[in-house]
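Trainee: Chain residues, written in single-letter form:
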Amino acid sequence: KQEVTQIPAALSVPEGENLVLNCSFTDSAIYNLQWFRQDPGKGLTSLLLIQSSQREQTSGRLNASLDKSSGRSTLYIAASQPGDSATYLCAVGKETSGSRLTFGEGTQLTVNP
Amino acid sequence: GAVVSQHPSWVICKSGTSVKIECRSLDFQATTMFWYRQFPKQSLMLMATSNEGSKATYEQGVEKDKFLINHASLTLSTLTVTSAHPEDSSFYICSVLPRETQYFGPGTRLLVL
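Residue numbers (the numbering used here), protein chains in the order written: chain A, 1 to 113; chain B, 1001 to 1113.
Source of the hints: derived by calculation from the structure; they are not laboratory data. Do not take every clue at face value.
[Said to hold, decoys possible] SDA-like mimics (lysine to any residue), calculated; alpha carbons at most 25 Å apart, straight line:
1. A:Lys94 x A:Thr110
2. B:Lys1041 x A:Ser69
3. B:Lys1041 x A:Gly60
4. B:Lys1041 x A:Gly71
5. B:Lys1020 x B:Trp1010
6. A:Lys42 x B:Gly1053
7. A:Lys42 x B:Ser1043
8. A:Lys42 x B:Lys1055
9. B:Lys1041 x B:Arg1099
10. A:Lys1 x B:Thr1101
[Said to hold, decoys possible] Covered stretches of chain A (in silico footprint by chain B; criterion: 3 or more residues with CB under 8 Å from a CB of chain B, positions within the stretch not fixed):
11. 42-48
12. 104-112
Think of the CB as a built atom: it goes at the ideal place given N, C-alpha and C, for glycine as much as any other residue.
One chain only, chain A, in its complex shape:
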């Protein structure tokens, strides 16, 4: 059974700092990995999708890496802003097309002005 772990559970940083969120998974037989953002009481917004054959993906100030063999992914946020404050979720898709996602418990990020 796939298990996804995210470290740290919570993180508080001053504005402008670069930061790294970590995600690890126990079964390396994944189809893809996604990073999502969840604001309090809201649904999820997809940030980055990495296919199992890829090593990293970038979107603006966000960069996600994937090391499938070691079961790890990181989300790098550059020059953090207060608007980045949210919970960041990592999810791995095992089956073809990335359906049936297994989620980590998330990292709650607070960026202080």
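Once you've looked at the hints, dock chain B against the given chain A.
Mentor: Just chain B, lined up with the frame of chain A:
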């Protein structure tokens, strides 16, 4: 991407009543939709995969007779929590999968008194 709506966004009900939650795919014809549940301070757990025109596929440990899923059209899936109890209080979120990225609805918060 895809735009997904859910209704209602908030529902409070008495123990023993049934509650229906709607998930609509507004700009994509979804043959498959996914239903997740999120308890406070926990991650999302996939409950079931809703299949248009056929029976839903439930994850292990999810009671199909308690959580009735109907996917009668390509744009609408409904989740009915039957005989709801306080332990069913949770955040219910649906998603669609146009290609390989899942797009989530805003969620429905259910409180059973």
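Trainee: Hint by hint, note whether the structure agrees.
Mentor: Each hint tested on the structure:
1. A:Lys94 x A:Thr110: violated, 30 Å
2. B:Lys1041 x A:Ser69: Given pair lysine 1041 of chain B, serine 69 of chain A is violated - Cα atoms ~29 Å apart, limit 25 Å.
3. B:Lys1041 x A:Gly60: Status violated; Cα separation ~29 Å.
4. B:Lys1041 x A:Gly71: holds, 24 Å
5. B:Lys1020 x B:Trp1010: Roughly 11 Å separates the two Cα atoms, so the pair holds.
6. A:Lys42 x B:Gly1053: Violated, at roughly 29 Å.
7. A:Lys42 x B:Ser1043: Holds. Lysine 42 of chain A to serine 1043 of chain B sits at ~13 Å (cutoff 25 Å).
8. A:Lys42 x B:Lys1055: violated, 28 Å
9. B:Lys1041 x B:Arg1099: violated, 29 Å
10. A:Lys1 x B:Thr1101: Within the cut-off at roughly 22 Å; holds.
11. 42-48: holds (count 5)
12. 104-112: n = 3 at 8 Å, threshold three: holds.
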